[in-house]
Amino acid sequence: MLKFFLTGLTIGICCILQMCVFPMALPVNVFPNLFIILTAACGFMMEEKEGLIVGFLCGMAYDVFFGDLVGFHALLYMYIGYFNGKFSRVFYPEDIKLPLVLITMSDLTYSLICYVLLFLLRGRLEFSYYFIHVILPEMICTLVATLIFYPPILKLNEWLRKRERRSEQRFV
Amino acid sequence: MPSKYLLFILTICCSIMMLLTFGTSIFDKPFNNIFGYIMVPFEKGIGSAGSWIAGRSEQLVQIKTLLDENKELKEQISKLTEENTLLQQDKYELNKLRQLFELDEQYEIYHKVGARIIARDTGNWYSSFVIDKGSKDGIEPDMNVIAGGGLVGRISDVGKNWSRVTGIISDNSNVSGMTLATEDNLIVSGDLKCMNEHVILYSQLVDSEGAVQVGDKIVTSDISDKYLPGILIGYIMTIETDNNNLTKSGTLSPAVDFEHLSEVLVITDKKQILSDE
Chain R
1 MLKFFLTGLT
11 IGICCILQMC
21 VFPMALPVNV
31 FPNLFIILTA
41 ACGFMMEEKE
51 GLIVGFLCGM
61 AYDVFFGDLV
71 GFHALLYMYI
81 GYFNGKFSRV
91 FYPEDIKLPL
101 VLITMSDLTY
111 SLICYVLLFL
121 LRGRLEFSYY
131 FIHVILPEMI
141 CTLVATLIFY
151 PPILKLNEWL
161 RKRERRSEQR
171 FV
Chain W
1001 MPSKYLLFIL
1011 TICCSIMMLL
1021 TFGTSIFDKP
1031 FNNIFGYIMV
1041 PFEKGIGSAG
1051 SWIAGRSEQL
1061 VQIKTLLDEN
1071 KELKEQISKL
1081 TEENTLLQQD
1091 KYELNKLRQL
1101 FELDEQYEIY
1111 HKVGARIIAR
1121 DTGNWYSSFV
1131 IDKGSKDGIE
1141 PDMNVIAGGG
1151 LVGRISDVGK
1161 NWSRVTGIIS
1171 DNSNVSGMTL
1181 ATEDNLIVSG
1191 DLKCMNEHVI
1201 LYSQLVDSEG
1211 AVQVGDKIVT
1221 SDISDKYLPG
1231 ILIGYIMTIE
1241 TDNNNLTKSG
1251 TLSPAVDFEH
1261 LSEVLVITDK
1271 KQILSDE
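For the record, the sequence lines run as chains R and W. Its first residue numbered 1, the first sequence is counted upward by one per residue in this note's numbering. Its first residue numbered 1001, the second sequence is counted upward by one per residue in this note's numbering.
Wrong hints could be hidden among the right ones.
Stated by the list, open to error - Under 7 Å between C-beta atoms, here's a sample of chain R residues computed to sit facing chain W: (1) 24; (2) 69; (3) 159.
To be verified - List time: in silico DSBU-like cross-link candidates among lysine-lysine, alpha-carbon distance up to 30 Å: (4) 1004/W - 86/R; (5) 1029/W - 49/R; (6) 1226/W - 1270/W.
FYI, nobody ran anything at the bench for these hints, they're computed from the structure. Beta carbons: idealized from backbone N, C-alpha and C, even for Gly.
Using the sequences provided together with the hints, build the complete structure.
Written out as structure tokens, the structure reads:
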């Protein structure tokens, strides 16, 4: 129960940070993608199921406010969460390399799919321009944001896990 | 439930929702309202706090530039007063002529509602934002949004207490415009590439006499079905002849500063279109 509540709260905080605080506070044109960080992190820290549910909710929140098609981003984030969940078996909390690589790769995949479906299909062919001016900056931004936002998410997850283990022991 | 099945079910759900939102607007109301009730109060609070902090920091930076600007402006005032007297003379003449021709007031006065921007699309692909007025305040889709005398975009989605504005600089936006001086029609289309350079593209300008010049005003055209006529879009920056030698295209600088937008005006009058009935 507490897990659901805290996950929902984290998604809410992410929404507000992403949509309201960043555009006001950061004087830049390119923004990090917190939804990707949260979705991917939930995926590899917990399991496929949690990853895909968190991804679905994040995508839905984005779709309602900014998506032209409700469900498009939800679908995209959901699959990202699911595939990150596949890596939960090789994830160790002490290792920060795997999360960094996974989140960066997730962001790259997300951007590439967005480019192909939203831009390439409308005849915007200059891939190199979009790669250098949109995809790459977003990737770097997200990488930097990961270094800041990943540790708190990890701490929260560790704390939840400890609590769960304790209550299991109590039942045994 | 195994995650595979859940993934499968949600995939089908999403696909159905995408198809439904593409064809209809059933989802708009419930989803928009639920998320609106949860998110908008937070967004409003943070939005105002954020803009207050941003405003304070900007104030400090601006004091220096203000001093310089003051000098320039004083010079400009003297220039403008001179121009003003000339213009006033013209105005008398114009009024006389208008009376002669019994012309009515040329522009209609539109009804407007002020709104504050509370969230922005940080997806890096399209340019849209959310304002704090919705259907409760009488806002409907396709209403025009202006700021600082220029066109910002139009309402593309409405919730109970919020609505989404798609900017004219957004890559998926096209506006039918015309040059104010010569009344030649053209298409103004947003482009992500040009957004970073703060310009918008225009194309299909038919100007066989070559009368259109750099610096000409572009306004929304009479034949647009979503935009009211005569709203300023921007000024022509470059003109290039297309390969077909018939039409021209180029870039124009928008009249609105899209980077520093915090309040906008929504025009609550909608363009009347002939319906099929």
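Structure versus earlier hints - violations, ascending order: 3
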